[in-house]
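Engineer: Sequence:
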Amino acid sequence: VAQRKVSLGILLTLFSILWTGLLLFVVIPHFQGGNAYYYIGGAKHSQYYDYLGNSLAEVATTILTRPDIVGQHLLIPDKISAILWLLVPLGLLPLAGIEVAALAIPTLSYTLLSDLNWMYVFGSHHYSPVFSFVFMAVVLGAERCVRWLCRASLLRPFGAPRDLVMARAIVGGFLLGASVVAFSFSY
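Numbering follows my numbering, in which position 119 of the sequence shown is assigned residue number 119; successive positions increment by one, without gaps.
Simulated from the structure, these hints should not be mistaken for lab results.
The structure displayed is predicted, hence computed values, not measured ones.
Glycine is no exception: its CB is placed at the ideal position from the N, C-alpha and C atoms.
Hints are supplied without guarantee of correctness; some may be wrong.
As the list claims (entries may be wrong) - Here are the computed distance ranges between Cβ atoms for each label pair:
1. T61 <-> F174: 41 to 51 angstroms
2. G71 <-> H125: 46 to 56 angstroms
3. H125 <-> L175: 14 to 24 angstroms
As the list claims (entries may be wrong) - With a Cα cut of at most 25 angstroms, we get these calculated SDA-like pairs of lysine to any residue:
4. K79 <-> Y48
5. K5 <-> Y51
6. K79 <-> T111
7. K79 <-> A102
Using the sequences provided together with the hints, build the complete structure.
Structural biologist: Written as structure tokens, this is what we have:
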């Protein structure tokens with residue numbers, strides 16, 4: 001909309017939907033050797049999303065009509081901890097840049113909806129695509145916070161970035177550091 005190329009955006013969106021459908025329903029099943037998608041009912045021991053159903057249609061139906069089942073699998077301590085590890089060390093700044101952080105929702109969805117511990121535990125490679133969006137949201141969120149604090153006369157305009165970086169380094173060092181003063185330190 002900013003560059004007024006709406007038709008190009010619509011065309012790209014339609015192509016992306018068609019390409020995703022082709023990959024999920026034709027290409028992947030072809031190379032899988034059957035009609036099933038590997039991660040959803042396609043393999044004997046898949047266990048990725050078994051509680052959601054045995055086909056993409058069943059998975060979509062369960063997600064839309066059974067939020068209680070989805071909630072039981074999402075609201076567990078390890079998954080809540082993963083989200084906190086993603087946000088708290090960054091000073092919750094991604095929440096101030098939420099429109100950019102929201103771009104990570106699809107990746108977080110397939111990661112956190114899985115029942116396999118190695119897939120959703122924080123530090124898993126499945127979070128890699130999320131980090132790009134979260135760190136861009138940090139930049140946007142920090143800029144917004146600095147602007148708000150300067151407007152409210154709570155922060156000096158020229159010291160603001162330095163102060164935020166220092167505060168983030170202190171909090172991050174305490175939460176994630178390896179020194180004796182760190183929260184997670186063990187002998």
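Engineer: A separate judgement is required for each hint: does it hold in the structure or not?
Structural biologist: Do the hints match the structure? See the list:
At roughly 45 angstroms, the beta carbons of T61 and F174 sit within the given window of 41 to 51 angstroms. The beta-carbon spacing between G71 and H125, approximately 26 angstroms, falls outside the hinted interval of 46 to 56 angstroms. For H125 and L175, the Cβ-Cβ distance of about 22 angstroms falls inside the hinted range of 14 to 24 angstroms, so the restraint holds. About 15 angstroms separates the Cα atoms of K79 and Y48, which keeps this hinted pair within 25 angstroms; it holds.
A threshold of 25 angstroms between alpha carbons decides the hint, and for K5 with Y51 the separation of about 41 angstroms lies outside it, so the pair is violated. A distance of roughly 9 angstroms separates the Cα atoms of K79 and T111; the hinted pair therefore holds under the 25 angstroms criterion. Taken as a hint, the K79 and A102 pair is honoured in the structure, with Cα atoms around 17 angstroms apart against an allowance of 25 angstroms.
Of the numbered hints stated above, those contradicted by the structure are hints 2, 5, listed in ascending order.
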